[in-house]
Amino acid sequence: MGNGVGAPVGPPDTVSADLAIEARGLVKRFDGTTAVDGVDISVPKGAIYGVLGPNGAGKTTTLRMLLGIIDPDQGYRRVLGTEHPTDIAHRIGYLPEERGLYPAMKAYEAIAFLAALRGVPLAEGRRRARVMLEEYGLGHAAERQIRQLSKGMAQQVQLIGTLIHNPDLVVLDEPFSGLDAINQGRLEQLIRGLAARGATVLFSTHVIAHAERMCDQVAIIAGGKVPFAGPVDVARDRLRPQVRLETRVSDGPWRAALPADARCDIKAQGTAFWYFSLPESGVEPLLRALIEGNAGILSLSIERAGLHDAFVAIAGEAAARALEENREEAEVTGRKSIFGKGRR
Amino acid sequence: MLAERLRAAQVIARRDFVAVVFSKAFIFFLLGPLFPIIVGFFAGMIGASVQHDLDRAVIGIAMPAHQGDQLLAAREALIEHMPGGAPEMAVIERLRPGETFDARAALNNRQLAAVITGTIDAPVLTGTPGRVDEWRGVVGLFAARARASDAAPYPDVRTDVVKTSASHEHNGQVITAQAGQLLLFLLTMLLAGMVLSNLVEEKANKIIEVLAASIPMDALFMGKLFAMLAVSMVGIAVWSTGYGVMVLAGARSIPFLAAPAVGWPAFLGLGFAYFAMAYLLLGSMFLTIGGLANTVREVQTLSMPATMLQLIVFFMASFALARPGSWIEIVAQVFPISSPYAMLAYAAEHRGVMPHVIALAWQGLWVMAIVRGGSMLFRRTVMKSGPARSRRRTAVPA
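Read top to bottom, the protein sequences are chains A and B. For what it's worth, the working numbering labels the leading residue of the first sequence as 1, then goes sequentially. For what it's worth, the working numbering labels the leading residue of the second sequence as 345, then goes sequentially.
Next up, chain A with everything else stripped away, as it sits in the complex:
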């Protein structure tokens, strides 16, 4: 495997021991198309880190570069302290987006094979496979061939195979796609459990809710670029909190205190709803003006921006629309798998 070093971005002067993954200026081109264009990512050890973006944004290519499956054309990467990720493959667990196992293999053999690839002796891999299949409620499927399992079960077998060697870093590419709601919940628990035992989890997703619920940090990726990478709270704080105000009357001198971009929705009874970003000066001067102007405050709420709003603000409307389309598409796929249409 390549060393992942290419001009013009080289290794940083100081290497942080707290980072499980550090990538600077990763670039990858395929046949003249730039798939990933200068991606920077820093994943702290023990964190749950999400790579959020629509299909085609460059998520998979970025993960493949981080894992050493492909080498970047430019840029620098360091994974678990080494620039040669394949040298430490035994410390990494990887679940690709396109799941795949040998159909003729029995479930426990398939897991043992994946373990053997990561350096676990075959006998030990078989033993662990049986234990983990029992833990995941799949003990009855241990002796069944992969082709005899439902798509969801096969996916779980592969997930067990990803974790069988107790990796320090777990990389999951779209792990929730194809799973029904129950299994998505189980997977969320599992990911939290991995982080709790000290493993670093990096996963890609096009579902904002997953990233928002689970991640300590996210990288928002769109068009091969990462316009934001950092804590979820920081992403959300990029937007001013949103104010939702309900007044008994819709007009009066107090309106001058509202921000210029406030949107108004007047109801039949004459009451009005106002939506606007919290002004820089805070809520107190606004409240004072509303009270003194007899606006008749019926309700007032201040909501912190969600990750979705942050995504729209950071990546743009088009990327957000693509993300939504991907989510709907995935839901259809997920529903199909619930009804067992994905047997192989």
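Wrong hints could be hidden among the right ones.
Some chain A residues flagged as far from chain B (calculated, every beta-carbon gap over 12 Å) [unchecked claim]: (1) Phe113; (2) Ala262; (3) Val283.
Each computed EDC-like pair below joins lysine to aspartate or glutamate, with the alpha-carbon atoms no more than 16 Å apart [to be verified]: (4) A:Lys45 x A:Asp73; (5) A:Lys45 x A:Asp216; (6) B:Lys547 x A:Asp18; (7) B:Lys550 x A:Asp18.
I should point out that these hints are in silico values taken from the structure, not numbers from a laboratory. No residue lacks a Cβ here, since even glycine has one placed at the ideal position from N, Cα and C.
Put chain B on the given structure of chain A with help from the hints.
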């Protein structure tokens, strides 16, 4: 690092070996060589029958009075001195004085290949150009014997038999070399093609990405190559055992071959080593080519040029065998793909082990180089983009 690569290759080899050998399809693979034998047997029977019919064609004799019988007697007297045999002859007409015979019309009889007319002093042979050219000498010989009624007896030839001669030994070794090359070619052709479709399974099952993330790609290539080599060895062992059983059962005898220059044990050992090298060299090329294919259909398309390549290599090595010391022999020995064939022939004709040690090292080096290059090419092309769904929708890699 090397130990880790070998361990990874062993994991892949074990998986592939078990998957192939314990599959139902492997039974058909083992039975594969039976089909050409069965087809050959029936084709041989039909051919023998046709040949038998053809061989019944005789030379008809239409001569005055007893001259035809004299000619037949001369044939009988001479045939024991003619190891190649003589054509069948039969008197079809004993002509009265002044009677004529239409030889051309007689050839309408399908049993007659040619007709002798005239007299034993001036025989006339009528037939097609090929038959006439073939038989005019022997007809003249028989006629001369028929004319000399008091021909002297042939002298008794004393013999002094030697076990072998340099010429005989060389000719025998050339035949052994040819047989060795042919067997090597047949086995390689039969077995190396399997490697072509080897990576299609991983691509179709989408497990290739997990493999690429877990182990070095050249370890994957090595593992697959050695698995298929081991599968081939199982096949060869089964076929050899089957052949041995047939020989012991008296079905047929082992064809006699002259002892090769290096001796049979060394020759068999070198044959094994050169088969492994020929297999690994061709296999690594086929694995690379097959790795670029995405479907079984593409693999089938690729198999034709692959077979042609094998044939060209074999013909080059065979051609070189007939030209010892020529530049073509050196090229065949040095060119990696033909080297195993040429060197096996060399072992049949020349003593000395050192050239083989060098040749095997050279071939091994090329195996590693092709595997390395092939795995790099595979890695560059196979993980080019994300899933097909994403490509269709966005036209950029996921």
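Structure-based check of all given hints:
1. Once the 12 Å rule is applied to beta carbons, Phe113 (chain A) is inconsistent with being away from chain B; the minimum gap is 6 Å.
2. For Ala262 (chain A), the condition that its CB be more than 12 Å from all CB atoms of chain B holds, with the nearest at approximately 37 Å.
3. Chain B leaves Val283 (chain A) outside its interface by the beta-carbon criterion, the shortest separation being 43 Å against a cut-off of 12 Å.
4. At most 16 Å may separate the alpha-carbon atoms for a hinted pair to count; Lys45 (chain A) and Asp73 (chain A) exceed this at roughly 26 Å.
5. For the hint pairing Lys45 (chain A) with Asp216 (chain A), the CA-to-CA distance comes to about 11 Å; that is within 16 Å, so the pair holds.
6. A threshold of 16 Å between alpha carbons decides the hint, and for Lys547 (chain B) with Asp18 (chain A) the separation of about 37 Å lies outside it, so the pair is violated.
7. As the CA atoms of Lys550 (chain B) and Asp18 (chain A) are separated by approximately 34 Å, the hinted pair breaks the 16 Å bound.
Hints 1, 4, 6, 7, counting from the list given before, are not met by this structure.
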